[in-house]
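Enquirer: Sequence:
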Amino acid sequence: STTTTTIIAVREMELFELGRDRTMFREDNNILSNPAGGKKTN
Numbered sequence: 010s011t012t013t014t015t016i017i018a019v020r021e022m023e024l025f026e027l028g029r030d031r032t033m034f035r036e037d038n039n040i041l042s043n044p045a046g047g048k049k050t051n
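Be aware that the sequence shown starts at 10, since it is given in our numbering, and climbs by one per residue.
Check the hints yourself; a few may be wrong.
Label pairs and their computed distance ranges (CB to CB) [unchecked claim]: (1) Asn39 with Ser10: 42 to 52 Å; (2) Thr11 with Met33: 24 to 34 Å; (3) Thr12 with Thr32: 28 to 38 Å.
Simulated from the structure, these hints should not be mistaken for lab results.
Since the model is a prediction, treat every value here as computed from it, not as a measurement.
We put the CB at the ideal spot given by N, CA and C, even for glycine.
Take the sequences, apply the hints, and build the full model.
Expert: Here it is, written out as C-alpha cells:
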C-alpha cells in the first residue's frame, strides 16, 4: 500500500540523515583530537 511505501521512504531518509550527521561528527572529532595533523579541507 501507499502508506507502507511512505513509511519506508521516511525511514530511509531518517537513516540517511543520521548517517550523514554521524560522519560529520566523526570528522569534527578527528580534527579536535589531533589539531596538529588535522587535514581540514573546507
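Enquirer: That 24 to 34 Å hint for Thr11 and Met33 (C-beta), does it hold up?
Expert: 33 Å, holds
Enquirer: Quick check: does the Cβ-Cβ distance between Asn39 and Ser10 fall within 42 to 52 Å?
Expert: 44 Å, holds
Enquirer: Taking 28 to 38 Å as the stated bounds, is the beta-carbon spacing between Thr12 and Thr32 within them?
Expert: 31 Å, holds
Hint compliance for this structure: every hint is met.
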